[in-house]
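S.K.: Respectively, the protein sequence lines represent chains U and B. Residue numbering for the first sequence follows this note's numbering, starting at 1 and increasing by one per position. Residue numbering for the second sequence follows this note's numbering, starting at 1 and increasing by one per position.
Heads up, some of the hints might be wrong.
In silico BS3-like pairs for lysine-lysine, Cα to Cα no more than 25 Å straight-line [stated by the list, open to error]:
1) B:K57 with B:K27
2) B:K27 with B:K17
3) U:K23 with B:K237
4) B:K23 with U:K237
Okay, the calculated bits of chain U under chain B, using three or more residues with CB under 8 Å as the criterion [stated by the list, open to error]:
5) 115 to 124
6) 257 to 269
Partial selection, computed: residues in chain B whose CB lies under 8 Å from chain U [to be verified]:
7) R174
8) S234
9) G245
10) R247
11) A273
By construction, these hints were calculated from the structure, which means they are not laboratory data. These numbers come from a predicted model, not from an experiment. Positions of the beta carbon are idealized from the N, C-alpha and C atoms, including for glycine.
There are 2 protein chains.
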Amino acid sequence: MTKQRGFIVPIGGAEEKEIRDAKILRKFADIAGGRDARIVVIPTASQLEDTGRRYEKFFEGLRVREVRALRIETRSDCEREDWLDHLRTATGVFLTGGDQLRLSTTLGGTPVTNLLRQRNAEGLHIAGTSAGAAFVAEHMIVSGDSGRTPRADMVQLSPGLGLTNKILVDQHFRQRGRLGRLMAALSYNPRLIGIGLDEDTAAFLGPDDVLEVSGSSAVTILDASGLEYSSMHSADKNGPVSVIGMRMHVLVEGGTFDLETRQARAVEQAELAGEAAKGDS
Amino acid sequence: MTKQRGFIVPIGGAEEKEIRDAKILRKFADIAGGRDARIVVIPTASQLEDTGRRYEKFFEGLRVREVRALRIETRSDCEREDWLDHLRTATGVFLTGGDQLRLSTTLGGTPVTNLLRQRNAEGLHIAGTSAGAAFVAEHMIVSGDSGRTPRADMVQLSPGLGLTNKILVDQHFRQRGRLGRLMAALSYNPRLIGIGLDEDTAAFLGPDDVLEVSGSSAVTILDASGLEYSSMHSADKNGPVSVIGMRMHVLVEGGTFDLETRQARAVEQAELAGEAAKGDS
Chain U
1 MTKQRGFIVP IGGAEEKEIR DAKILRKFAD IAGGRDARIV VIPTASQLED TGRRYEKFFE
61 GLRVREVRAL RIETRSDCER EDWLDHLRTA TGVFLTGGDQ LRLSTTLGGT PVTNLLRQRN
121 AEGLHIAGTS AGAAFVAEHM IVSGDSGRTP RADMVQLSPG LGLTNKILVD QHFRQRGRLG
181 RLMAALSYNP RLIGIGLDED TAAFLGPDDV LEVSGSSAVT ILDASGLEYS SMHSADKNGP
241 VSVIGMRMHV LVEGGTFDLE TRQARAVEQA ELAGEAAKGD S
Chain B
1 MTKQRGFIVP IGGAEEKEIR DAKILRKFAD IAGGRDARIV VIPTASQLED TGRRYEKFFE
61 GLRVREVRAL RIETRSDCER EDWLDHLRTA TGVFLTGGDQ LRLSTTLGGT PVTNLLRQRN
121 AEGLHIAGTS AGAAFVAEHM IVSGDSGRTP RADMVQLSPG LGLTNKILVD QHFRQRGRLG
181 RLMAALSYNP RLIGIGLDED TAAFLGPDDV LEVSGSSAVT ILDASGLEYS SMHSADKNGP
241 VSVIGMRMHV LVEGGTFDLE TRQARAVEQA ELAGEAAKGD S
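Using the sequences and the accompanying hints, generate a full structural model.
M.R.: Next comes the structure, spelled out in structure tokens:
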């Protein structure tokens with residue numbers, strides 16, 4: 001029996017945590033099994049002691065079956081068998097915000113990330129917010145200038161967790177003016193799809209490689225595959241970069257983007273198509 | 001004899017004013033005739049007393065033939081024949097920064113703007129920086145939220161000077177995170193081309209409706225003509241808006257965009273094409 005990959009859910013940071021309004025976290029818990037969910041929280045990106053505990057309390061409030069924060073702080077923590085056992089039986093894993101370099105330097109190449117990749121391929125759902133969102137894909141933005149036009153050397157990339165090599169995530173997107181740095185990063189290699197996540201907004205990337213937006217703001221999709229030209233290869237260090245032919249979509253709640261066909265659709269378009277189909281019958 | 005329209009030169013604000021490095025203003029003076037240029041400065045947007053005088057000094061430094069700032073402050077000032085005479089013999093007019101509503105409310109529908117439109121059609125070159133840039137086209141952005149995803153009601157439009165109805169200008173573009181509001185404005189009617197001007201960067205829009213970028217940063221071109229869908233008509237007041245299929249280019253010094261063919265070209269592409277053509281001969 002072949003198993004389906006689990007959801008990959010990057011969240012733009014600052015997600016709503018009041019139980020009543022917590023659309024994104026509630027949706028993640030539902031996908032992970034609802035009352036039967038076993039959630040593991042990895043607060044490694046954060047330097048605050050109570051980050052893991054805060055998410056534990058939140059998911060307890062949703063009455064999931066089990067929630068456990070693993071305070072992984074060192075690479076040797078990543079070999080603790082009792083903690084790996086939690087990951088082996090989890091139905092959902094949540095990576096908190098903080099610093100994405102703490103995630104990659106602490107977890108990279110350890111049994112924890114090996115297990116996360118393997119289990120996600122078999123169906124484990126993995127979400128991350130802010131630094132956690134940056135970390136989920138194969139390529140990760142470490143840092144870069146905000147609020148600027150694309151420039152050479154304005155953004156630093158690093159290998160990430162590696163759940164998919166098709167997207168490049170940037171978070172706090174509009175709030176911190178990160179269009180320029182995401183465009184610069186995509187100019188290095190237009191193969192990847194740029195996913196700019198506003199705060200309190202998530203991309204639920206399903207096993208079919210279609211992502212659906214959830215949350216109070218928007219996800220900006222940058223599709224560089226039709227790029228006619230960029231001067232990234234020849235621009236001066238810190239010089240501005242020409243980019244010709246970027247395709248852009250802004251998607252809100254319910255909007256979808258198919259990573260294979262590169263087709264974006266707003267929820268109202270899907271509804272209209274549905275009505276048209278009904279009209280045909 | 002038919003005459004060519006003069007250049008229309010919106011500048012993103014904060015343009016370099018040290019004579020040695022003042023690429024944009026020097027280029028404008030050159031186009032207006034260099035040593036033979038007769039420049040009129042209109043400082044109406046500004047509330048600072050010395051704005052007009054500062055530009056006078058600058059253009060004097062460039063040794064143009066004549067420069068004169070007209071301190072138009074009221075609608076009746078717009079009927080002063082001696083000032084209109086200056087406009088009748090000018091080869092270049094420069095609109096300073098400040099508040100674009102001061103420009104439209106003071107100058108709109110007066111002999112001054114009638115004369116500017118008529119003389120631009122006959123060859124007078126007109127530049128504006130910041131508020132002055134916002135004002136040059138038929139449609140003008142009055143105000144709007146910065147640093148946000150496109151939302152309904154986030155941007156207010158007003159009729160402007162009306163030198164062209166093909167573009168919608170926004171200035172201080174990347175510095176103030178105005179992509180969202182320009183996208184929102186274009187979603188109202190995808191016919192217009194959005195021109196997002198970074199500071200110290202200008203679009204020199206020639207009589208052939210090809211614009212060329214000059215300055216230290218970039219111009220972001222938003223071409224909404226291929227838009228598949230936007231939810232602007234149905235979005236809640238202040239709700240986020242879906243936008244599917246926006247085309248975007250970032251152009252730096254020497255890059256061009258043709259408003260008719262909607263074709264963007266980086267300067268290096270033009271050079272390569274030139275070399276290829278040489279190779280053919």
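S.K.: Does the structure break any of the earlier hints, and which numbers would those be?
M.R.: 5 and 11
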